[in-house]
Structures are given as C-alpha cells and as structure tokens.
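Enquirer: Chain residues, written in single-letter form:
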Amino acid sequence: MSRNNGIDRRQMLKLAGLSAAGLGLTAAGCGSGSSGSGGTVTIRHSWWGADDRAKKVQQCVTLFEKKHPKIKVKTDFQQYADFWKKFNTQAAGGNPPDVIQNAVTFLRKYEAKNVLLDLKPQAEKGNLDLTGFRAGLEKFAEIDGRLFGVPVGSNSMALVIDEKVYEKAGVAPGAGWTWDDWYAGMQKIKNGQGIAGDAGPHGVMYLYDLMLRQNGKAFFTEDGMGFGEAELLPYWTEALARVKSGVYADPKKVEQIKPASATAKGLSAGEFTWDNFSVRYSAEGKSSYGLAPIPTTDGKRTGQYLGSLMLSGSARTKHPAEVATFISFMTHDPEVARIMGYDRGVPATTAQFEAYEPADAPNKAIGAYETAIADAGVLEPITPHPAGADVIEAAFLRIGTDLSLGKSSPEESVKQFFSEAKTALASN
Amino acid sequence: MQTSPGARAPEAGGPVGKRNGPGGSGPPAGAPKRPGGRENLTGYLFMSPWIAGFLFLVAGPMVFSLYLSFTEYNLFDAPRWVGLQNFTDMFADPRWRQSVEVTSWYVLIGTPVKLAAALAVAMLLAQKRWGQSFYRAAFYAPSLIGASVSAAIVWRALFSDDALVDRTQKVFGIEVGGWIGDPEMIIYALVALTVWQFGAPMVIFLAGLKQVPRELYEAAEVDGAGRWRRFFHITLPMISPVLFFNVLLETIHSFQVFGSAYIVSNATCGPADATLVYTCYLYEQGFVNSRMGFASAMGWLLLVAVGLVTAVLFWSQKRWVHYEEGGR
Numbered sequence: 001m002s003r004n005n006g007i008d009r010r011q012m013l014k015l016a017g018l019s020a021a022g023l024g025l026t027a028a029g030c031g032s033g034s035s036g037s038g039g040t041v042t043i044r045h046s047w048w049g050a051d052d053r054a055k056k057v058q059q060c061v062t063l064f065e066k067k068h069p070k071i072k073v074k075t076d077f078q079q080y081a082d083f084w085k086k087f088n089t090q091a092a093g094g095n096p097p098d099v100i101q102n103a104v105t106f107l108r109k110y111e112a113k114n115v116l117l118d119l120k121p122q123a124e125k126g127n128l129d130l131t132g133f134r135a136g137l138e139k140f141a142e143i144d145g146r147l148f149g150v151p152v153g154s155n156s157m158a159l160v161i162d163e164k165v166y167e168k169a170g171v172a173p174g175a176g177w178t179w180d181d182w183y184a185g186m187q188k189i190k191n192g193q194g195i196a197g198d199a200g201p202h203g204v205m206y207l208y209d210l211m212l213r214q215n216g217k218a219f220f221t222e223d224g225m226g227f228g229e230a231e232l233l234p235y236w237t238e239a240l241a242r243v244k245s246g247v248y249a250d251p252k253k254v255e256q257i258k259p260a261s262a263t264a265k266g267l268s269a270g271e272f273t274w275d276n277f278s279v280r281y282s283a284e285g286k287s288s289y290g291l292a293p294i295p296t297t298d299g300k301r302t303g304q305y306l307g308s309l310m311l312s313g314s315a316r317t318k319h320p321a322e323v324a325t326f327i328s329f330m331t332h333d334p335e336v337a338r339i340m341g342y343d344r345g346v347p348a349t350t351a352q353f354e355a356y357e358p359a360d361a362p363n364k365a366i367g368a369y370e371t372a373i374a375d376a377g378v379l380e381p382i383t384p385h386p387a388g389a390d391v392i393e394a395a396f397l398r399i400g401t402d403l404s405l406g407k408s409s410p411e412e413s414v415k416q417f418f419s420e421a422k423t424a425l426a427s428n
Numbered sequence: 001m002q003t004s005p006g007a008r009a010p011e012a013g014g015p016v017g018k019r020n021g022p023g024g025s026g027p028p029a030g031a032p033k034r035p036g037g038r039e040n041l042t043g044y045l046f047m048s049p050w051i052a053g054f055l056f057l058v059a060g061p062m063v064f065s066l067y068l069s070f071t072e073y074n075l076f077d078a079p080r081w082v083g084l085q086n087f088t089d090m091f092a093d094p095r096w097r098q099s100v101e102v103t104s105w106y107v108l109i110g111t112p113v114k115l116a117a118a119l120a121v122a123m124l125l126a127q128k129r130w131g132q133s134f135y136r137a138a139f140y141a142p143s144l145i146g147a148s149v150s151a152a153i154v155w156r157a158l159f160s161d162d163a164l165v166d167r168t169q170k171v172f173g174i175e176v177g178g179w180i181g182d183p184e185m186i187i188y189a190l191v192a193l194t195v196w197q198f199g200a201p202m203v204i205f206l207a208g209l210k211q212v213p214r215e216l217y218e219a220a221e222v223d224g225a226g227r228w229r230r231f232f233h234i235t236l237p238m239i240s241p242v243l244f245f246n247v248l249l250e251t252i253h254s255f256q257v258f259g260s261a262y263i264v265s266n267a268t269c270g271p272a273d274a275t276l277v278y279t280c281y282l283y284e285q286g287f288v289n290s291r292m293g294f295a296s297a298m299g300w301l302l303l304v305a306v307g308l309v310t311a312v313l314f315w316s317q318k319r320w321v322h323y324e325e326g327g328r
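Protein chains in written order, with my numbering: chain V, 1 to 428; chain G, 1 to 328.
Looking at chain V on its own, in the form it has when it is part of the complex (with noise of 0.2 angstroms):
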C-alpha cells in the first residue's frame, strides 16, 4: 500500500512538473518571439488575400531575405474579414504583427489607439524611400505630420461590364457619361437582352461616397457622417424600385453566388467596384470585361480619388529599422513589381509602375484605365475615413442587402443605418 503510494506520488510529481512546464511553455510563447539569434533579425507580415496573393508575396520575401541577409520575415494571410479579426484580438493582446497590410477604413482607428507604427523617423533615418511615389501617394497615410503607412499600390472605382453585354444592347459608356445615360443604358439591357443592368449598388459605400462628392458632399467628414437621412432616403427608395423592376439583379441569387461576383457569373451586366478587381472577371466568368468610366451628375466631375493598400507597422514592433527597410523593398523593387502585377492595385511608386508591363488584357485595361483618369484630370484627394468607418461600411452593405431582400422599407433601413453609424462612431 505505503509503495504504491509512493510510486503514485513519484508518477504524480512528474505530472504536476510536466503541467507546470507545459504553463510555463506557454506563457514563453505569449511573448514576441521576434528576437533573433546571430545578428538576424525576425520580423512577421501578415496581410488579407487568397492562394494567388501568398504565392506572389512569399516569392517577394524570399527575394528580401536573399537582399537582407540578416532579417527575416514571417508571413501569414486570412480571407479580408478574418485578418482585421484576428489583428483587433492580437493588437488588443499586445502582440500584433510587425507589418501588416492596411487600408484607409483602419487607418484613424488603429491611430487613435497608438497601434501604428509612426514612419516618418525611419524615413529620416534613411530606412524608408519616399521619393518616386505617383500622385502624392507618399502622403496617403499622412496624419497630423505623422506617417502611418506606405501605399503598396492604388486604385480607383470602376464600373466593370460585360462587353459582350453591352455590345449586343447597343450601350456605349464614354468619359462623362451621366446617370440618366446610364440608367437608360441598364434599362436598354434590361429589355433587349433579358439581364439585369447592374448588380445592384446600393450597399456599395465607395460608390455612394463618389455620388456624393459629385454633389458637393462625401460619405465621412474626418469625424463623423458627411450626409444625412435626407441624401440617403431617395437613394435607397429609387434603389428599391429597381430591384423590383429587375433592373437590378435578383438579390436572392446574387447572395448565393458569393463570395463570387453577380457580373461575372452572368446576373447582371455589369457592377460597380475597385478597377484592379477586375482581374478575378475573367478567371470567374466565360464572357469578356472591360472597364467603363463612372458616370457623373454634370458631365464632368466623378468625384473619383485613388484608394490605396498600404503597409503599415506596428506601433509595438522591437524592429522599426527592419520594418521601414522592408515596407521600403515591398515598395521601390521594381523586380516586386513584377512578381506582384496588379494584384494589389496599381503599383504606387513610379519605379514599380514602371518595371510591371501587363501581357494579359485584364491588366492591360487596369492600367490603360487609372492612365486615363489620371489623364482626364478627375482625380481628387479621398476624403477622411475617421474611427469606425469600417464597421459602417459593413452596416450600409449589410442594410442595403437587406432593404433590396425586402426586409425592410426604405425609411427603416435609413434610419437603422444612421443609428449603427453613431454607435460605430461612439464606439471606436
């Protein structure tokens, strides 16, 4: 008995040394774990995309590591929505990535609560290129003199058509088209060739933000809502008509198509969206697709800006040299240019845009687009995203999808939009 006893207890003690050890483990594993050995120096980059995005990226890395021999960068992705998930949780923990792949509704939300590395130091210091960027790129993230992030590439909204489409109904969109001329295009389609015009987009907020510059207004003022109940009530009650009217696409259908696009798999002709999208049309689609001007209020203005990806760093990071030097490489190498094409937009410095020439038409007519906006002079500065804009911009296309599907009249959908705004406002 007393030897049994003894042996359980030995058995035991291993046991209670074992768990210790495994907690101890554990909490060794909560810290950075970015310091190197040897002089080298580990840095992780974690970024939102698909398959062909990390192949590009990880090609670029390796190609970074073989320049810069003494860092290292770890790289890991999520699908859009899981990476600002899983970035909120690892910031909020203290323990976020070093260089991370961010956009303009983040910027003044991780801002606001000294996430973001602040790069106008490195750039000083000589670890960070700002020269050579296209269109007063470098001062995209630029906030109070501060610099929170380094445009990747860039891009600007964009009605993607189906050629094929509009050919046979006989529409053809130019520079300075109007939305009278446009509407009346979708509804030729709609009669002529039994397809809805558009997808539909109402929900879309970048477009509705371009529609309100052309009137003078913009979706956000740097704190707040640029538009009221006012704007938004006809926007939505005419939106409704449409779907009724099937001049925009069957919203039961295009919800069971996604994550894939309504244009490309056939429901409608054609859809408002960020031009370097338009790559996937092709891989997703059997027709052919182009790129067709925004239509405007006045013939003229279309309120369009260059939205950009950028790469910013973490406020946290125990390597602001490395991080500056590699966002640098990600966005001067003109061999990174190469590799990553459009994919990311536009590239945004001139030594990029220019290393990349596109062989295949989908890129081509990315290019030759943002060449002809820029020619055209429409081109404005965006305006300002502040804290929680990417909580609204998730409620104005979830209300809108919803209005669409019949859920709930115009005057509720206004009204419950603007509510979730100020509490997103409130909130962030």
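Honestly, I wouldn't trust all of these hints.
Cβ-Cβ distance ranges computed for the label pairs, FRET-style [said to hold, decoys possible]:
| hint | chain 1 | residue 1 | chain 2 | residue 2 | range |
| --- | --- | --- | --- | --- | --- |
| 1 | V | Thr-62 | G | Tyr-44 | 49 to 57 angstroms |
| 2 | V | Gly-170 | G | Val-176 | 31 to 39 angstroms |
| 3 | V | Lys-422 | G | Val-176 | 34 to 42 angstroms |
| 4 | G | Gln-85 | V | Asp-51 | 49 to 57 angstroms |
| 5 | V | Lys-422 | G | Ala-163 | 39 to 47 angstroms |
| 6 | G | Ala-163 | V | Gly-170 | 30 to 38 angstroms |
| 7 | G | Arg-167 | V | Ala-81 | 27 to 35 angstroms |
| 8 | G | Trp-105 | V | Gly-176 | 50 to 58 angstroms |
| 9 | G | Leu-144 | V | Ala-54 | 30 to 38 angstroms |
| 10 | G | Phe-64 | V | Lys-125 | 22 to 30 angstroms |
Think of the hints as simulated: they come from the structure by calculation, not from any bench. Glycine is no exception: its CB is placed at the ideal position from the N, C-alpha and C atoms.
Since the structure of chain V is already known, use the hints to place chain G on it.
Expert: What follows is chain G alone, placed relative to chain V:
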C-alpha cells in the same frame, strides 16, 4: 478547499524524496488518519491541470466578462463603467431582438424535430434485423462530422441556387430557387442540418429502448393494445428519463448554435439577418464591431436564459418523467 496547486507540489515533494531516510518527515507507517489526507492531496494534484485550466481559462474569464458587461470596452482603451447601459441598449436594438427571435425559433422547431427523428430511427434500429450494426453506424456518422466546418460548407453547396436541392425541387415542379439566399428559407436549411445530426440522441434513445421490459409489450398485446397505444402508454413513459435527458441536452445545445449558422450564411449571419442566431450577433458585436462590453452582456444574458429554461424543464419533469420505484 481551493489551494493553489503550484504551492502544494513542492510541499509534497519533500516526503517523497526522503521516504526511506531516517527522520523523514513522512508519516509513521500505519498511522491511522494521515493516508486519507494524503489521498486527498494526491487527488488534488492529479486534478491540478484541470483546476488550473478551470481557474485560468473558465472561472477567471467569466468573472472578468461579468465585469465587462457593465462597461464599454473596445479592446484597446481601458474599460469604461457604464452600468446597465449595455442591457438597455440591447433591448432597444432591433438586431438584438431579431437574434432572440431567430434563436428561439431555431430552438423551438429544431429541437423537437431532431428528437422526433432520433426516436423514430432509434425505434427502427432497436428491432433485430440483418445489417443492424451497419445501419446504426451509418445513422450515427453524421453527428460525428456534422458539427464540422466542412459539413456546413457542403450544406451550403447543397442548398444553393441551382444545386442539388433546387434541382430536385424543380423535378417536382416546385420553383422556389435555392434556400441559401432566401431570407425565408435559409433557416430551414439550418434546421435540416441540425436534424441530420441526430446520431447522439439516437444512441441514447436506443439504450433507453433496450431497457423497456418485453413483458410489458407482450401483456399489452394480449390485452389488444395497438401500435400507437403501446407507444404512448408503454414506450414513452418507460423511456421518459432518457427523453428528459435528451430534451435538456439538445435544448441547451441549440441555444448555443454558432458554427453552422456562421458558415452556411457565408460569415454574414444573413441574408437579411435571417440566420442571425444569438451567438452570431454576439460574435459580430465583440470581434467585428469591437464592442466587448456589449458582447459580454449578451453572453451573460444567454447564460441566465439557458439557466431559466433548464430550471423550467427540471420543474416540469415531475409531471411527465417516470422513474422506477426506488429509483436507480
């Protein structure tokens, strides 16, 4: 006694090492009461990983979330005390009310249908026939994989526009389109998914059915009782403890549905909030909108609600659950 396991371990280490040494601090052999205390200690030590896990991973976070439920907390700035604000906000929020509605509907429809399916199949499988064990395994299999992400993805594919279900409907002349994009229909796809996973309650029913004495049926048959009469007057009362157990477990389980709703709806809990089950909204508020205080408040309210429902079920069992005399 809640002694920290870490503090106890070294104490126990002493006597073990010096067990045979002179003047060891261990108890003298044959001491009457000490082994009991030692056994307790041994027990606690064996439990220590669990106790540590419970304290750090369950109890601690629960207490913290109770505190958070009275605050506004966005993960970055320090929590700000707001009293009952989160709760009043909740009741005023139409999306919260929608989530309560969807969840209640799911529990009230999904649970009984699932249990009925489980019982029906269990009764079929209780009869002796060729290939019985194959059928049992086949019917149980979905509940093994049913909770997984992959099953939900397959489900989404099955019920989409122009997919298997839609095409089958069309053969019968029903033109409603796919269920996934339809706010009216998608919830039925979710209910179908949970019903399909009836394996676990089925196995429990099967065990219960085996316990019903054959003589009762034979006697009833002699007295001329038909199939339904036998079912309602013998089977149901005899398996009522098992039925109660299943009702309790499945109800609690249904209240917590998340994965299937999240994935079948393509991470939107939509369309038009049609699959906005309670936990889905909680998750969205917490991890997407960074309103951890609000999400905590929602979590605690769910706990209270499930507790109440459980209490009502326990109270009601006196009226319909029959335990054998002398209870086992």
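Enquirer: Where does the structure disagree with the numbered hints, that is, which hint numbers, in rising order?
Expert: Hint check: 4, 10 fail, others pass.
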